[in-house]
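Student: Once you've looked at the hints, dock chain Y against the given chain S.
Sequence order for the protein chains is S and Y. Under this note's numbering, the residues of the first sequence are numbered 1461 to 1586, in order. Under this note's numbering, the residues of the second sequence are numbered 1461 to 1586, in order.
Treat the hints as calculated values from the structure; they're not laboratory data. There are no misleading hints in this set.
Only pairs whose alpha carbons sit at most 30 angstroms apart, straight line, appear in this in silico DSS-like list of lysine-lysine:
1) Y:K1468 to S:K1515
2) Y:K1530 to Y:K1576
3) Y:K1499 to S:K1567
4) Y:K1564 to Y:K1576
5) Y:K1505 to Y:K1530
6) Y:K1482 to S:K1530
7) Y:K1576 to Y:K1482
8) Y:K1505 to S:K1567
9) S:K1576 to Y:K1530
10) Y:K1505 to S:K1564
11) S:K1482 to Y:K1564
12) S:K1515 to S:K1499
13) Y:K1576 to S:K1530
14) Y:K1482 to S:K1505
15) S:K1530 to S:K1515
16) S:K1505 to S:K1530
17) Y:K1468 to S:K1505
18) S:K1499 to Y:K1567
19) S:K1499 to S:K1468
20) S:K1564 to S:K1576
21) Y:K1482 to Y:K1564
22) Y:K1499 to Y:K1530
23) Y:K1505 to S:K1482
24) Y:K1468 to S:K1576
25) S:K1482 to S:K1576
26) Y:K1499 to S:K1564
27) Y:K1482 to S:K1482
28) S:K1530 to Y:K1530
29) S:K1564 to Y:K1530
30) Y:K1515 to Y:K1505
31) S:K1567 to Y:K1515
32) S:K1499 to Y:K1468
A partial selection of chain S residues facing chain Y, derived with a Cβ cut-off under 10 angstroms:
33) I1462
34) T1463
35) Q1479
36) V1501
37) R1511
38) L1533
39) D1539
40) T1540
Even for Gly, the Cβ is constructed at its ideal location relative to N, Cα and C.
There are 2 protein chains.
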Amino acid sequence: MITLNFEKATDGLMPAIAQDEKSGLVLMLAYVNREAFEKTVETGKAHYWSRSRNKLWLKGESSGNVQMVKDILVDCDEDTVIYRVEQIGGAACHLGYRSCFFRKVDKGRLHIVEEKIFDPAEVYGK
Amino acid sequence: MITLNFEKATDGLMPAIAQDEKSGLVLMLAYVNREAFEKTVETGKAHYWSRSRNKLWLKGESSGNVQMVKDILVDCDEDTVIYRVEQIGGAACHLGYRSCFFRKVDKGRLHIVEEKIFDPAEVYGK
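Chain S on its own, in the form it takes in the complex (with noise of 0.2 angstroms):
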């Protein structure tokens, strides 16, 4: 069984990083309970917990962009993981950019530095 250590935050949830497993591009964080993990090994498909809604979480289940998951790495202290996964749909933020991190810092202010793959009000609906 694999030890991982829920309980050092203190919402009980632990850092997720989706990393696209071609490129190395980083999606996305957020966060997964026991619950989400399990379900994340147990279906092949990245399941996350929306601290939002408070709910468990299949990514992609509005858009259909699910990630598909080739591999779970977990770091040294056993409270990160990352999802090495096949982004279907090319696009992870729901902004519509590849990556949620399409912005980097430059002179104290944000550059967006990618391009949007789709346009977020013809996949979520306005």
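Tutor: Below, chain Y without anything else, positioned relative to chain S:
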């Protein structure tokens, strides 16, 4: 000015992912508060907030394996950052591995998938 949401987590800390700027390898995840983030921007060296020691932490202050920050990426929710770094010494993990994520889940167990770069006993003393 950059808006970052340090207040989202109950402990006022935000996850910061360190990623090797050349290979794309995710090296580690640690936490930052505003002080650690600003110190990183100011010095170009990755600073975190140590949760175990409850103090500002210049990564590499003991080992010399500092992280030279080349770019900082910010996510859509402004509650997570990526430090794209050059890892001095080649290894980020205190256990001597290139990445803290040196194990993967395989058939319900953790398997080491990286080589050790240094011997922790030599670097940190016994």
